[in-house]
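The lines below spell out each chain.
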Amino acid sequence: MLRRLYLFTSLSILGLGLSAQEVTISGKITDSETSESLPYVHVVALPGMQSATSNIEGYFTLLAVPKKGSRLIFNYLGYRRDTIWLDGSKNLKEFNVELVNEAVELDVFEYSEESNQSIESSEEISKISINPAQLQNLPNLGEVDIFRSLQLLPGISGANESSSGLYVRGGTPDQNLILLDGMNIYHVDHFFGIFSAFNANAIKDVQVYKGGFEAKYGGRVSSVVDMTAKSGNLKKPAINVTANMLSANVVAETPLPFVNGSFLLAARRSYTDILRSPTYQSIFNNVTEADQEDEPLGFGIGGSGSVEPDFFFYDLNAKLNLNLGKKDVVSLNFFNSRDNLDNSSVQDFGAGLGLDTDSKLETTDVTKWGNTGTSFKWSRQWSPKIFNRVLASYSQYDSDYELIDKFTFDTLSFQFSTQQRNKIQDITLRDDLEWKLSEQHKLSLGLWFTRNEIDYLNFIDDSVEVQNQNEIGSYISAYAQDEWSPTKWLKLNVGMRFTQYDVVKENYFEPRLSVLVKPTKNFRLKAAWGRYNQFINRIILENIFGGSRDFWLLADGESIPVQSSEHIIVGAAFETKDFLIDVEAYQKTNTGLVEYSLRFGDPYDTTQNFNDLFFEGTGIVRGIEFLLQKKFGALTGWLAYTLSKVEYTFPGLQETPFPALHDQRNEVKLIGMYKWKRFAFSGTYVYATGKPYTAPVGIYEITLLNGYQQKYIHVGDKNSSRLPAYHRLDIGANYSFNIGKTENKVGISVFNVYNRKNIKYRRFQIQNFDPQTFLPTESKLLQTDVNLLGIVPNFFINIRF
Amino acid sequence: MRQLLSLFCLVVLFASCEKSDDPAKKVVLDGYIYAGEPIDDIRLTKLIPFGGEDSTAEPINDALVFIDWRGTKYPLVPAGGDSGFYKYPGTDLQILEGESYRIEFDYFGRDTYAETSIPPAPRNFSLDSDSIRFEAIEIDLGFFVFRDTLSLDNVNVRWDNPAQDYFYLTVENIESEKRRISQGGLFGGGGFDFRVFSEPFQTDEYIIRSNDVTHYGKHIVNLYRINQEYLDLYETRVQDSRNLQEPLTNVVNGLGVFAGFNGQSDTIYVVLK
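If you read the protein sequences in the order shown, they are chains A and B.
Sequential numbering from 1 applies to the first sequence in the working numbering.
Sequential numbering from 1 applies to the second sequence in the working numbering.
Quick caveat, the hints were computed from the structure, so don't treat them as lab data.
It cannot be assumed that every hint is accurate.
Claimed, not checked - In silico DSS-like links for lysine-lysine, alpha-carbon gap of 30 Å or less:
id : chain 1 : residue 1 : chain 2 : residue 2
1  : B       : Lys273    : A       : Lys711
2  : A       : Lys630    : A       : Lys677
3  : A       : Lys677    : A       : Lys757
4  : A       : Lys505    : A       : Lys577
5  : A       : Lys236    : A       : Lys67
6  : B       : Lys25     : A       : Lys711
Using the sequences provided together with the hints, build the complete structure.
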């Protein structure tokens, strides 16, 4: 049996099945308007059903295609499907194809007969493609946002308004590999997580792998989001300007003189520090909880204060792309994003105390965070069958929080300050080789080296060092995978990834396997299995400006273990021209999970052993996803349902398993888009089971050694209670028109139309004094619901010339 | 294959187990025992349920409470009144360094118990001074005479701590008639009767500063070596509302703490020159 298998494999690899009438077709696929290369275009040759997918530079190769009578179908999300008959007139070695963008097609103000999809479910298991250009038609929360749109997919939680990070199939945002032109991006939040740091106008393609991903990806245990930035218009200069109630966005692109290349610059900046629109005010008040009706529990002296929060964000994308001959492409990419909140204030107490002296409290409260990254990429099509890409990238995420309280009383002054800084630097070198061995085999080989350096500093009063971590770690990976099609109805992807991580000096083997069976043209069965490891963790520090004070640490094999995960996925899909029905069931078994808890003490306690704050646990995720998509016509959209359970076991926190904080049993999403003449209408509805939380049961008192009667809250089982269900409806509409040579679009959207009071979390406090008189009273336990965003309208205008 | 089959079965059979936690059936033990001292600091109360009408802890006066020492059970008796306090009236139950003690009682049908041991007393406990001396000062500003008392004295408390154990220090005025240190000036006139105390710390030194004390007279300086039970209780006193956790307790089937201490004492005097 083994000998037969060996013989079969060898023959396939050597491609001995090629007949004299069959030819190899290779070429490049580009955008008809800009000549930008198009990655991940699906190419099928009929009637033989030979298929290929264009690589990152748009190159494709089809082997063993009958020279006459074949037709090639090119299918790419957001582009008009193209069919080309082989009649012997085209050069089959440079079979270059230009596809027409649907957005251009829409200039005639009729909906296309082709797909108007924003998303496309791939044949590959758990993989979805996103067309950023179509996202403008979806309702949005101030900005067109790729990550917010991803949250509308099945299996990705859509109820996390306070973070644009992705909770994919029970995973957490730090378990996702986020790549932008090969750069590792560690923190995706803009504006406290209301939307992500990626400018949708500068992104060409997004590939999402929700699990079971192939061996060429590694370093994370949950999912992969692989984004390709636009490289710029190779034919003519173009400018695209967008403004909304939060920010302005400019994308400028131009061909380069004297060489075959292009340059693109995309810049987006909020004017929230200059003009505070109602949209901004609604969002800002919510994230800072200024809009919450809270019990007046704080002590105060009655001074007069002035607080003028000053907030802005910006991001910048730049890309230089050079086509050196017909085989080589080099590109240089730069990315920068930054958020800055200055919440400083001055409170004058002189009048409050009835004194003439100069008495005031000056608070400096500044939070900054951002990403910077650059990558250099050289791609070469050595032959129609061999493609190689070399990539060097550097990325950095840094956050800085500073709080100084300076109290001045006449000529006396004293101050308290705290500062938290976290910086993670990533240097990655990659080489990826694709080798089309035969019609049956496509071999991918690669090397991947990543070096991380992390600094985490926590100071009090400039000199007291609470925590000072400096960690350096690197891992080197090698992978090999074979996309093997032994028959026309069976596809296998068999791979192995090997990683050596120098901090713990261990070797990790990660086998991967996925299977696709197509018994009929419309029906397919799929399955995947794989092991995954992760060597870096984001530690969550809860605070009202969530996201900015979280910090990253490397796995050390002791207090922070290496995370591991095993994915098992099975599914089936039925697809026609108009509809897709897709079902996938999954199980993820995780080990080495880390929970950071203040249970054992105060993080500001200088005697605290930092490692005591970490707990190790395991988790198991099980779920099933359903997707029903209408792909064609004036009305498109999808209905997604996810049933899932995320259960953690942390023996140090609780003896019995408990639901993870992001566990949501049911989630339903209904997305609809309708095009009528120059108008596009859209609506999204999200329903999700309430998130778990730990509820208090009662209060008790213990006398401490100093005689103080300390109140304690007795809590129920961890995460055993549920918040009310989350649901909201968003709607949007836009109108396209031309003025002269400009193509314009205006639109409105309303987030949370019926102003649902979804709950972010519940706050519990013990009150043992009268809030009016501040006199001691009997103890009461107060519950306050902190809500998510209410209704938020937005308006945008887009001008393209 | 079995995993694949079980996957399909399990995803549709999510059972949600809701566990009940009857707050009325939780006894709160507030119990400290000190080396060489009688047992009179044991208190039992009920939990104040969330959402109920009670806002004060109801004392438990009718429990049968025992201290188990060296295999013998010593019954405690209610200290009197509706206080929830219990004491041991005899002298045969001794609290000794290095010994282990177990408290147990049966209430609400639950066998509730906790264990602690008495840590070693602090070694080479010493004070470098036996007094803090204040001086009266008077500054004539012409239009106003500023009067106050001032002291720059400190008392250094030292002891051995090679193992970096946790200690706790209190300074308590024991005068029957307390006389406040007149600080006059802008910050004077506070009505609080402070007792100096420290947080648990792992050092071998503590400095009692003049501004730590508020009254003249005789003060007792107590230094306790504390054990893990009390440290857990102290360190979990801050409960973060977004990730609410149960405070640590060594009471099985109950709440609170049962902890043993061993201390050394000395005396300082706060005087006006």
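Taking the hints in turn, this is what the structure says about them:
Restraint check: the Cα-Cα separation between lysine 273 of chain B and lysine 711 of chain A comes to about 42 Å, which exceeds 30 Å; the hinted pair is violated. Proposed proximity of lysine 630 of chain A and lysine 677 of chain A is supported: the alpha carbons are some 20 Å apart, at most 30 Å. Pair hint lysine 677 of chain A plus lysine 757 of chain A does not hold up; C-alpha atoms about 36 Å apart against a cutoff of 30 Å. Of the pairs offered as hints, the one joining lysine 505 of chain A and lysine 577 of chain A is violated, with about 52 Å between alpha carbons and a cut-off of 30 Å exceeded.
Taken as a hint, the lysine 236 of chain A and lysine 67 of chain A pair is broken in the structure, with Cα atoms around 36 Å apart against an allowance of 30 Å. Restraint check for lysine 25 of chain B and lysine 711 of chain A: the C-alpha separation of about 18 Å stays at or below 30 Å, so the hint holds.
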